[in-house]
Amino acid sequence: MNRRSFIKKFTMTMGVISFGLLPFVMGRLLRPKLKASESNRIPLPGALANKQDFEQACIGCGLCGEVCPPRCIQFYKHEGGLVADTPYIDPVQKSCILCGLCMEICPTNALTVTNVREVKMGIAQIDRAACYPWVDAGICGACVSICPIGSGAIDFEFGNFYRPIVKDKCVGCGQCVEVCPEPSLPINIVAPSKGTVAQHGVGIRKVERGQRGF
Amino acid sequence: MNNKLLTSKYLRHLNKLRWFSLSFIFIMLIILPFIHLYQTYEAAHAYDLLTPTEKMISDTVERLTSSFVKEPEELSAIKGNTWSGSLFGLKLSDPLAVLGQVAASQSLYWPFIITALIPLIFTLLLGRIYCGWICPATLIYELNDNLAAWLRKAGLPVSRRKLDRRIKYVVLAVGILLSIFFGAVMFGSIYPPAIIGREIYYAIALGGFGAGAVFFLLTLLFDLMVTRRGFCRYVCPGGALYSLLGRYRLIRIKRNVETCNDCAKCNVACQFGLDPLNDNFGMECNNCTACIAVCPTDALKFTVNVHDITYQGPGHLGHKYRNEKN
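These protein sequence lines are chains U and S, in that order. The number in our numbering is simply the position in the first sequence, starting from 1, with 8 added. The number in our numbering is simply the position in the second sequence, starting from 1, with 962 added.
To be clear, the hints were calculated from the coordinates, so they are not data collected in a lab. No experiment lies behind these values; they were computed from the predicted model shown. Accuracy of the hints is not assured; some may be wrong.
[To be verified] Cβ pair distances, simulated, as ranges:
| hint | chain 1 | residue 1 | chain 2 | residue 2 | range |
| --- | --- | --- | --- | --- | --- |
| 1 | U | S13 | S | L1212 | 36 to 46 angstroms |
| 2 | U | K16 | S | L1206 | 24 to 34 angstroms |
| 3 | S | F1143 | U | A150 | 40 to 50 angstroms |
| 4 | U | K16 | S | L1125 | 16 to 26 angstroms |
| 5 | S | F982 | U | K202 | 50 to 60 angstroms |
| 6 | U | V121 | S | K978 | 15 to 25 angstroms |
| 7 | S | E1033 | U | E165 | 42 to 52 angstroms |
[Unchecked claim] Calculated Cβ distances over 12 angstroms to all of chain U for the following chain S residues:
| hint | residue |
| --- | --- |
| 8 | L1105 |
| 9 | N1218 |
| 10 | G1235 |
Using N, Cα and C, we set each Cβ at its ideal position, and we do this for glycine too.
Can you build the whole structure from these sequences, using the hints too?
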């Protein structure tokens, strides 16, 4: 093989490969990552614990959304890359009712059938500076009365009928977040490692900033 | 297999049946999100709180479905789209979805792989049957091709250049490699039937198209401006997979030389740019039966044959054959 035919063949091969790459590049470019806040987006019930495993297993068919009775399952519609068309739940808009239909319908192992009490979507975290009963600014108890798990997950503080505290049985379905009437947004679903009581102070913020990497 | 069935003169009506199948599946993809909306309204017991539009949707779906089912929950029997769906408890998935998921997760999850078994068997027997008879994108692409024909008639330049059809196998290979490398099913965002199934659901139930819709419009433009049915023929990774699986398909179209008159209508009708006149169907034929429907002498029939049919010479009713004989 002389040099000219080698260069010709090489160019042809590279051209064909780049043409094959083209649709994937187009698909990726059409889906720029939105800079929207993802802080209140939580995984589905029964989802694989590791987010990376979930992205590997999910084929983006949308069946989970199509069976969801409260229509709480949303999809990454405009985000590119690995999360394209994978589902999430935003409990501020609409929360999971733990009916388990999405786990049953999922064709892959992205969602596996899990007992309601063993679901781990996150954990509720209460900001005691923003919750009205905690600052003696009113009486409420909405989160405690809506909780589908019961007193094992969220209950009133001992000796007080209105101050809610989150316990270890919380599965993170987010119904308390949806029902919370207070505009100060005192309750959120967070990763279990972050704890059930929101921490305040300069030091904490520094740590969080460090985790985000800037 | 009944040979009479494969060579019946009624085969030319199969194309109408195919159009019915394509339209039925597309209409189902539109109805299913509305059924889901209706189910969510019923589940919430919130008819009085609905807006007038939502009330209209609820009433219409109820009227349409009340003769089939008693409870709205029973409507869950049919869910999903052609990428992956559930049909009366039977879960079906696209073989490309399974291939992509196995590549991405690098593990075999058998309950999911089994869902692709029935489509796989049909593909092994009938070739790219999915592309011609089921794919919701095919309906739009064929309508787009008719539009191209009209534009051509109106005098607008519609390009019909030829590319290398092996490009789609490169797309398939690149997709598998990207899935392995990034750890996500990359086919889902460029595979038109998956995009359509999803985007219709997004548009109806979740209030707005996603980014996939733009990609699909671009493929329509590609078909219109660059090459006829270009995405299916040259780019689609699913088409590549089915072509490979259907390489030794059992049932294929065969030209009957005795009744062929070399009119070449089949070559014009074939949107995949294949060459039925010269017995050159190859791997890409999707058994869409469009050539059977246009054949004026009913010379094209089905046959049971594992191998490609070699060129049989010019049709016996044509000029070329008579000239050769004299």
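Quick rundown of the hints versus the structure:
1. The beta-carbon spacing between S13(U) and L1212(S), approximately 41 angstroms, falls within the hinted interval of 36 to 46 angstroms.
2. For K16(U) paired with L1206(S), a C-beta distance near 28 angstroms keeps the hint of 24 to 34 angstroms intact.
3. The hint said 40 to 50 angstroms for the Cβ distance between F1143(S) and A150(U), and at roughly 47 angstroms that hint holds.
4. K16(U) and L1125(S) have their C-beta atoms about 18 angstroms apart, which keeps the hinted 16 to 26 angstroms range intact.
5. About 55 angstroms separates the C-beta atoms of F982(S) and K202(U), a value consistent with the hinted range of 50 to 60 angstroms.
6. Between V121(U) and K978(S) the beta carbons are some 43 angstroms apart, a value that contradicts the proposed interval 15 to 25 angstroms.
7. For the hinted restraint 42 to 52 angstroms between E1033(S) and E165(U), the CB-CB distance of approximately 43 angstroms keeps it satisfied.
8. The Cβ of L1105(S) lies farther than 12 angstroms from every Cβ of chain U, with a closest approach of about 22 angstroms, so its non-interface assignment holds.
9. Consistency note on N1218(S): stated as away from chain U, and its beta-carbon is indeed over 12 angstroms from all of that chain's, at 38 angstroms minimum.
10. The claim that G1235(S) lies off the interface holds: its Cβ sits roughly 18 angstroms from the closest Cβ of chain U, which is beyond the 12 angstroms cut-off.
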